[in-house]
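Using the sequences and the hints given, assemble the complete structure.
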Amino acid sequence: MGNRKGTVGSIKKGIFSSPGDFVTEGGRVLPGIEIAYEVYGQMNADKSNAVLICHPLTADAHAAGWHDGDKKPGWWDIAIGPGKAFDTDKFCVISSNVLGGCSGSTGPSSLNKNTGREWGPDFPVVTIKDMVRAQKLLLEHIGVKCLFAVAGGSMGGMQVLEWAVSYPDMVKKAIAIATTASPGPQQIAFNAIGRKAVTDDPDWKGGRYYGETFPAKGLSLARMIGHTTYLSPESMVDKFGRETLLGEKAEPDLLPDFQVESYLDYQGGSFTKRFDANSYLYITKAVDLFDLSKNKTLTEGLSGVRARFLVIAITSDWLYPPSESKEIVSALLENGAKADYAEIRSHYGHDAFLIEGGQLNYIIARFLSQICSKDVMSAPAITISEKATIKEASAVLIKKRINHLPVTDPSERISGIVTSWDIAKAVACGLERLEEIITSDVICTGPEEPIEKAAEKMSKNSISALPVVDRTGKILGIITSEGLSRLIGR
74 MGNRKGTVGS IKKGIFSSPG DFVTEGGRVL PGIEIAYEVY GQMNADKSNA VLICHPLTAD
134 AHAAGWHDGD KKPGWWDIAI GPGKAFDTDK FCVISSNVLG GCSGSTGPSS LNKNTGREWG
194 PDFPVVTIKD MVRAQKLLLE HIGVKCLFAV AGGSMGGMQV LEWAVSYPDM VKKAIAIATT
254 ASPGPQQIAF NAIGRKAVTD DPDWKGGRYY GETFPAKGLS LARMIGHTTY LSPESMVDKF
314 GRETLLGEKA EPDLLPDFQV ESYLDYQGGS FTKRFDANSY LYITKAVDLF DLSKNKTLTE
374 GLSGVRARFL VIAITSDWLY PPSESKEIVS ALLENGAKAD YAEIRSHYGH DAFLIEGGQL
434 NYIIARFLSQ ICSKDVMSAP AITISEKATI KEASAVLIKK RINHLPVTDP SERISGIVTS
494 WDIAKAVACG LERLEEIITS DVICTGPEEP IEKAAEKMSK NSISALPVVD RTGKILGIIT
554 SEGLSRLIGR
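All residue numbers for the sequence shown refer to this note's numbering, where the first residue is 74 and numbers rise by one.
Worth double-checking, as some hints may not be accurate.
Per label pair, the in silico range of CB-to-CB distance [said to hold, decoys possible]:
hint, residue 1, residue 2, range
1, LEU184, TYR339, 31 to 37 Å
2, GLN443, HIS140, 30 to 36 Å
3, LYS145, LYS533, 50 to 56 Å
4, LYS120, ASP276, 43 to 49 Å
5, ASP94, ILE428, 38 to 44 Å
6, SER493, ALA452, 16 to 22 Å
7, VAL96, ASP141, 33 to 39 Å
8, THR388, VAL96, 37 to 43 Å
9, MET309, ASP195, 38 to 44 Å
10, THR388, VAL198, 32 to 38 Å
11, ARG101, GLY79, 39 to 45 Å
Calculated cross-link-like contacts (lysine to aspartate or glutamate; reagent style DMTMM-like; alpha-carbon spacing at most 20 Å) [claimed, not checked]:
hint, residue 1, residue 2
12, LYS346, ASP143
13, LYS358, ASP195
14, LYS399, ASP413
15, LYS202, GLU213
16, LYS120, ASP448
17, LYS498, GLU509
The hints are simulated quantities; they were obtained by calculation from the structure and are not laboratory data.
For every residue, glycine included, the Cβ atom is placed at its ideal position computed from N, Cα and C.
Here it is in structure tokens:
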């Protein structure tokens, strides 16, 4: 059964059924889709603590905890659970199986409602964007309007990037690990060889093998090829060296001699027991088609991103090397976005984000604990025009039960602030125009400024409210001393 201490415990998979048609990016119609998902931790009252986990190529919704009869926990249990990077005492963590998958979500092995048979090769080509759109439907079903964070490695990292691009107002923090914004020719080549191995298996039968012999040989070979790219040369030397299976043979033959051959054969064979061959074709194709710099620069492709990013590379990863992560960070910074870069120092290669729990938890936990002004501000901010009267301002303060009222110019940029105390004095003095009492030298904070610095501004200047403005001076929200007190209490 395994040790369950420190995990989220026993978990059951949920299935979300979308009632309407789902139109793929290519224009094909799926008559309703299903998405398998799991939830770890509790959602808070305003559903602001939701974290979405996006899985890598051949994983699924079971990211943490245990199913009945499991011999091991979910694929990212090292990072999800009480006290871990995605702390389920603080966050509600949601993980789902991608569209096109074969672990509960609609894919080529699912029944086509129009024919009553498996989709097989008639299933439409899906993209990373389609996968993200399906996840958004799931979140809408759950009632999540904004994600505190979205995170994933490898293909999961591509989904993270797509989330930040497609739904910039819905993602506060984004964590992309061991990934790329545009697979290169070598990466595409490995996937193409894997697909060729599947489709050249006589048992594939053009993708219509359901109910007949499964194309296990082709899928096993594809997995062996793919798995080799997940390991680094150093890790393979450490794990296998040139160790043989049975010592020296009396006479050489063509049968496997080395432990690495046996290992890859085992990986390929076990993979065929849990994965659908057609799903492998569709999902690897989605990876190859992902390109945020198509017909433009990557900087242009990431221009609308608003999330604060953490991009993590693995020093020994030759599938998606650190240079590709650095390229993502550079493009984000060129757009003025907030982006941090970190490396996992490991000899395990691409798969290190599934193994190096210590480094991973430390890096991610630090990033998620960096609370910024936009994370605690009250939004949208209640404002008033600088041309308003004292009486109008007083009415707003009373009706909205607030003590601080930012004042805006005709362009809706901040031009000052008034307080309930200012209004009380103005009324006592018989003043009528708001512009007579406005404090025009307003101390503000930016949405990405760490909350510690915002709090320091408030303390240093003896103020109890701090407007949050963007680079143009437009008001996004306001931080109050009461809000900070609630944060400390939390």
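Right, here's what the structure says about each hint:
Taking 31 to 37 Å as the suggested C-beta distance range, the pair LEU184 and TYR339 conforms, at roughly 32 Å. Distance hint check for GLN443 and HIS140: the Cβ-Cβ separation is about 34 Å, which falls inside the suggested range of 30 to 36 Å. In this structure the hint that LYS145 and LYS533 lie 50 to 56 Å apart at CB holds, the actual value being about 52 Å. Between LYS120 and ASP276, the C-beta spacing of about 47 Å keeps the proposed range 43 to 49 Å intact.
Our hint of 38 to 44 Å for ASP94 and ILE428 holds, since their Cβ atoms are close to 41 Å apart. At about 20 Å, the CB distance of SER493 to ALA452 agrees with the hint of 16 to 22 Å. A beta carbon spacing of about 37 Å between VAL96 and ASP141 agrees with the range 33 to 39 Å that was offered as a hint. Distance hint check: the CB atoms of THR388 and VAL96 are about 41 Å apart, consistent with the given range 37 to 43 Å.
A beta carbon spacing of about 40 Å between MET309 and ASP195 agrees with the range 38 to 44 Å that was offered as a hint. Take THR388 and VAL198: their Cβ atoms lie about 34 Å apart, and the range 32 to 38 Å holds. Checking the proposed 39 to 45 Å range against ARG101 and GLY79 shows it holds: the Cβ atoms sit about 44 Å from each other. Restraint check for LYS346 and ASP143: the C-alpha separation of about 15 Å stays at or below 20 Å, so the hint holds.
Using a Cα cut-off of 20 Å, the hinted pair LYS358 and ASP195 holds, with the two alpha carbons roughly 15 Å apart. Among the hinted pairs, LYS399 with ASP413 is consistent with the structure: their alpha-carbon atoms are about 10 Å apart, no more than 20 Å. Straight-line distance between C-alpha atoms of LYS202 and GLU213 comes to about 17 Å, which keeps the hinted pair within the 20 Å bound. The hinted pair formed by LYS120 and ASP448 meets the criterion: a straight-line CA distance of about 13 Å does not exceed 20 Å.
For the given pair, LYS498 sits about 12 Å from GLU509 by alpha-carbon distance, which is consistent with the 20 Å threshold.
When held up to the earlier numbered hints, the structure conflicts with none and fits them all.
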